[in-house]
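Kindly generate the complete structure, drawing on both the sequences and the hints.
Start counting at 1 in the sequence shown, then tack on 25, and there's your number in the numbering used here.
Each statement offered as a hint is correct.
Restricting the straight-line Cα-Cα distance to at most 20 Å, the calculated cross-link-like pairs of lysine to aspartate or glutamate (DMTMM-like) are:
| id | residue 1 | residue 2 |
| --- | --- | --- |
| 1 | K212 | E252 |
| 2 | K212 | D166 |
| 3 | K212 | D82 |
| 4 | K212 | D190 |
| 5 | K212 | E191 |
Pair by pair, the computed Cβ-Cβ distance ranges are:
| id | residue 1 | residue 2 | range |
| --- | --- | --- | --- |
| 6 | V150 | S195 | 38 to 46 Å |
| 7 | R254 | R232 | 14 to 22 Å |
| 8 | R254 | D152 | 36 to 44 Å |
| 9 | R40 | A255 | 28 to 36 Å |
| 10 | P233 | R40 | 34 to 42 Å |
| 11 | G193 | E136 | 45 to 53 Å |
| 12 | L226 | A46 | 21 to 29 Å |
| 13 | A130 | R174 | 22 to 30 Å |
| 14 | G143 | A228 | 28 to 36 Å |
| 15 | E225 | D44 | 26 to 34 Å |
| 16 | A239 | R137 | 45 to 53 Å |
Everything labelled a hint here was simulated from the structure, so no lab data went into it. For glycine and all other residues, C-beta sits at the position ideal for the given N, C-alpha and C.
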Amino acid sequence: MPRDDPRLYAGYRDRYPADEAYPELPSTRVLWVIGFGDPVVVGRGERRSSFVAAPRDRVSMIGVGGAQHGIRLRLDPLDAFSLFGTPMRALGTEFPEIGAVLGRAGTDLTERLSETPGWPGRFEVLDAALARLRARGPRPDPGVAWAWRRIVATAGAVRISGLADELGMSRRHLARRFHDQVGMAPKTAARVLRFERAAELVADPSRPFAQVAAETGYADQAHFARELRALTLRTPGELRSQTFKP
26 MPRDDPRLYA GYRDRYPADE AYPELPSTRV LWVIGFGDPV VVGRGERRSS FVAAPRDRVS
86 MIGVGGAQHG IRLRLDPLDA FSLFGTPMRA LGTEFPEIGA VLGRAGTDLT ERLSETPGWP
146 GRFEVLDAAL ARLRARGPRP DPGVAWAWRR IVATAGAVRI SGLADELGMS RRHLARRFHD
206 QVGMAPKTAA RVLRFERAAE LVADPSRPFA QVAAETGYAD QAHFARELRA LTLRTPGELR
266 SQTFKP
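Printed below as a string of structure tokens:
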């Protein structure tokens, strides 16, 4: 994925006068934080500077405070599968340190990035490291990659059983291989992708919630609100207040 794709990564530098927490919403993307500043609080209270979060179907809270400085990557799960060389299922629901995922290569990369001055230099180092990791990593299963592309292209509005039939494999077999490489089952991925599309539309304050529900395939606004509550513990209005930037 090219660096100019805004979904891949971005540098950040923030300072928080007091500790606070922000929600990391459900996502089909793999979050990789390479931190150079103060650690954040994740999971069950663990403090991490550089960590990975697998695709997730529930909201997680991340505690921040002090000087936050680093690079935040949001990776396509199949790209992350190749980069990390490990099943996405193995990342679990916690927030493992990058050293536990990539070993010495991960800790060395973090150290080198922290010592490199300026964002252009850091991004050059990171681009080269990502290219090396992809070159040596496993290739996604063609059937899984095809099913993932179909689910993404329809924002989750596709029959999973139909995908298995087209691939000539059982639903159970597709689900197992898909979960290993994407990090969640196909139906869950479709559900979260639909939510992600809806969350993008919710951020527009001029768009009624009923219209968002209709455009993203929910039966009605009530169905949309129930799904939002189940995935994020928030109402549509609460989600809009968190995502709308005037």
